[in-house]
Amino acid sequence: MNSQYDEMVTGTGTIRPHWRGLMQTVFSLSSEQLAERLARASAQMADDEIVALPDAHPASAPPSLDLLPLILPESEWQAIADGLVQRARLLDTILADLYGPQCLLTEGLLPPHLVFGNNEFLRPLRHVQPPRGAPRLYFYSADLVRLPSGEWRVFADRTQAPAGAGYALHKRSVLARTFPEVFRSAPVRRLDSFIELWRTSLQAIAGGATEQPRVALLTPGPYNDAYFEHVFLARALGIALVQSSDLAVRGDCVYLKTLGGLAKVDVLYRRVDGDYCDSLELREDSALGVAGLVQAARGQNVAILNMLGSALVESPAFTPFLPNLARRLLGQDLLLPAVTTWWCGQKGPLAEVRAAMDQFAIHAAFDPDPVPVEPALLSAAKREEFEARLLRNPERFVARERMCPSLTPCLASDVGTLEAERLVPKPVVLRVMAVWHKDDWYVLPGGSARIVTGNSIYRNMLRHSDVIKDTWVFSEQTADIHLATAIVAPTAAAETARHEISLRSRTADDLFWLGRYVERLDSGLRQFVAALDRIVAGGLGARHQVELKRLAASLKRTGWVEPDRVAAPVYAAEFQEGITSTAAGKGTMRSCIHAIRRLTLASRDQLSLDMWRSLQQLTNTAEEHVDQGLREPDRLLESLSVILAHIAAFAGLAAENMVRGAAWRFLDLGRRIERGIACAQAVGGVMIGPASQVEAGLRLSLELCDSINAYVTQYPAEIYYSKALAFVLADARNPRALLYQVIQVSSHLAEQADGRESVDVSALSSLIGTIQHFPLEISHASDMEVHEEELFDLLDRSIDCLTDISNSITRAYFSHIAAPKFTGFSRQRFSASPPTPTAVSAEAKP
Amino acid sequence: MTRYAVRHETQYVYQAAVGIGMHVLRMTPANTTGQHSIGESLTIAPEPTRVEAFRDHFGNAVHYVCVETMHDQFLVTLDAQVDVKRPSVSGDGPAWEEIREAMRNDGFPVPPDVAEFVSPSPLAFPEGVATAYAMESFKSGCAILPVLRDLMARIHDDFVYTPNLTNVTTRVAEVLTLRRGVCQDFAHLMIAGLRGLGLPAKYVSGYVYTRSGEAGPSRLGGDASHAWVSVWCGEGLGWIEFDPTNNVMVENEHIVLAYGRDFLDATPLRGVILGGGHHTLSVGVVVRNLDGAENPPLPGCS
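So the sequences go chain by chain: C and G. In the working numbering, each residue's number is its place in the first sequence (first place is 1) plus 1. In the working numbering, each residue's number is its place in the second sequence (first place is 1) plus 1.
Derived by calculation from the structure, the hints in this document are not laboratory data. Please read all numbers here as calculations on a predicted model, not as lab measurements. For glycine and all other residues, C-beta sits at the position ideal for the given N, C-alpha and C. Take the hints with a grain of salt, since some may be wrong.
Said to hold, decoys possible - Stretches of chain G that chain C covers, calculated by requiring three or more beta carbons in the stretch to come under 8 Å of a beta carbon on chain C:
1. 56-67
2. 102-113
3. 261-275
Make the full structure from the sequences, and use the hints.
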């Protein structure tokens, strides 16, 4: 392995010209300066990741970045780009034939097993033509390795839904800010024109369809390895990021489910594997696709990019046949050859492989992410066992020449003081990619270089543990080079396109519940804080005992504490233990935090960066709190107060930062409904008790509704029954009062309906009237009991009304987002006599 | 020639109303050598919002049916008349190894499209046990037809027709252990065994005339759609069909609906619904011989 090509240094030990500028910069920096650059880059990476990803799922975080790019001179790059374009054309032509007439099989140019034995040959797509001249292969990637001779070779074609472009763009934006001086002096080719072209091409494919074409990126969702890239690309391309549950097929068109109804999708850039895309005609157990999508494709009503089934040609079993196919189909020799690869289903190749087993890595021919066997690394017994397996079904295997990737400098993880210690050479492979536009192919002038460890070279997916590098192509045309600015910030046009897409029903649903859960947590924590305050104060005077008893009633009523946890007298240790252990986050609190995290993640693309961060901090802090399992009341109090502060920060951002559109409205609807319910429940809880101790109930009502300071400012002398209740229930100016919530809910719904029929708000209007006219003055203390009964009725009625409204909102706006399910196959025994059909016969004869 | 009338009713009853139902039907009698459809109608209730007809990769007639009105049951009725007159098979065909060799031919089988049916498929995967079971019939140098008849007879003798024990996804290896199953299991077993030996075999979905109520042996598999096997017997004989459930070679009592690699390719009806809760499914098939029989045979057999 000592013959590896060195990307930077020639055999005689001189630095190749295209590396000199960067090296000068790296060596001109002091180690402190370099460390500072590193820190800056990691901070930006972390920032960007948090934009897209929850830190609770490190598996879906993007690969990390090595700051030193891989650099290629223009001349060398051009050969790669030309070869890539040719391969893309060739593979698309092969796909068109194999999903069409299959002449390549009848003419004996390809072994049929490569198609029929290949899981990626999706039979329902046979004879299905892409619409409006779209190709089957739209976005193509190849993984390249540089041989010791210095020549680049393809070792994998990626035609399913290749990842990498988003990473390349993202890493470039990080580098552009880390080494601005290099970009000023070196002719690095820009990537933004590629994104611009990609965006144009998507719109062009869609354009044939309607005046306002809709393009969407279909992602498997936030738990996918490449989710970061999906978020990043959807933004850069100005298209909607959608998941399975956002889409539906009706008739044979694909629709986006929005609050305004179904909106037709013209182009689907898919990042879900083909066979997972339709539970009706493809894998019936998939929840990642859209039932009926194949039929929509058949009706040519949606351009699916890449076309379903495109992964057929990415098997390395095709590799040995490509040179001949290039000559037959394109009349050209293959410009960018592959590393030696054999399909073992033929005698000659199998003999070649067996004669030199040690030189090959052998793996399943049709596995998109294979784990190869390297016979050279096996014991004699294992090797024999493997050879027997190979010989039993040779057609299921391919053998690829074991590769010896070139070395490229990487930054040492610990930037030492000695300059020589700053760089470490590591083996590297390069993923390059091309996109189709109007029958031409355009290559990203760069790529994603990946550091190779062990046999990870064969791997398809990029994982969090991978280290990738930006790739710089040095241009000879100065017009196309970088200025040191952020390059892939979505343009204004892209942002507009994003807003023009109406709010998806799923997102509205998620925001609504996000609002509810945040508010639920808030009200729960307030009750715990009030209780802990009194416990921490110690001594437990008579007033505190009364208040604690009423708080316990409220905590029970709101479901935060199980009744038996606070059954003991308030001065008993068991009571305090009951409060502290639930305040430490058992049960309800944990599930509430979990829901907030999940909904935050799901509604990510509707939240501003600040709001996202604020929710991240909120959930992180809350989870830490729950994990700590604190016991001491004072520490619990402190910890809960911090969470409450985060909730307040989030609420502030929602109020200040969100455009007053549907997203904000549903978030706020959720908060108002929950706050109204929580207010009624809490007041109902603390007002239970003897009339002689009513002041405790009033004080707590004010406290739980965060209104005590405001009240005291107005009525410094004492707590009046009518004034205090009016303050928390019927004061339309107090944003914590019940009436305020009901009015807000009513007005949000009117605005959302915008004259159309939707949720019936008459119950709300009548509730508003009742609260406004609820008599709070009582003339005699003896009337108190009667009055309290009426009060509890009002509170119950408010809770019921708001709960009903919440259900109505679900029915009116979210009901069509239910998930479809597979009904299985009709093959069971006759059990009953079916009724006579009433419908007209459908006599369609194909 | 025999003329048959087929009525095939499939009914889903849903516990809760269904707003959207999408279904794919392979329920049209094929027009193939020896079988000619002289008219068929598919009646669907409730009335579909959309019906699209097309041919699939295997040449089967397929209907995509979409119902977008609220419904609590879905009913498909096929009424068809089919003339069946299959050419009789003459000779025993070439040695089975000859066919296997043509299918290998160093990666380029002859004919190439037939090779699809040697490759594994999800429900007829050439597992070692199935291959070993089939192998017992395949003495070296024997002509293909007699060994296939022997394999078919062995499956018929070794396995007990037992409804409601297996389901559509039961693996061949499990059927071999159980020694029980229904037509579909026996078809998958035979196909998997043949593929393991390097021979091309297709799954056939359709109906069999059960001769219930008539003299002589009745046929199994008539109360629902039936399944059997088609085997490539070389360029001279082409595809020949075998019914291991009844231990007969397919002549004039079988009506073909669809071909595929296994059940999943030829499923008469599959669907996806929105809503619905639990559902119950009932299927009824009646095949009547229109040539002769004054009293049409009763549906089903038990």
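We went through each hint and held it up to the structure:
1. 56-67: holds (count 10)
2. 102-113: holds (count 5)
3. 261-275: Held - the stretch 261-275 of chain G has 10 residues with a Cβ nearer than 8 Å to chain C, which meets the minimum of three.
Every hint, counting from the list given before, is met by this structure.
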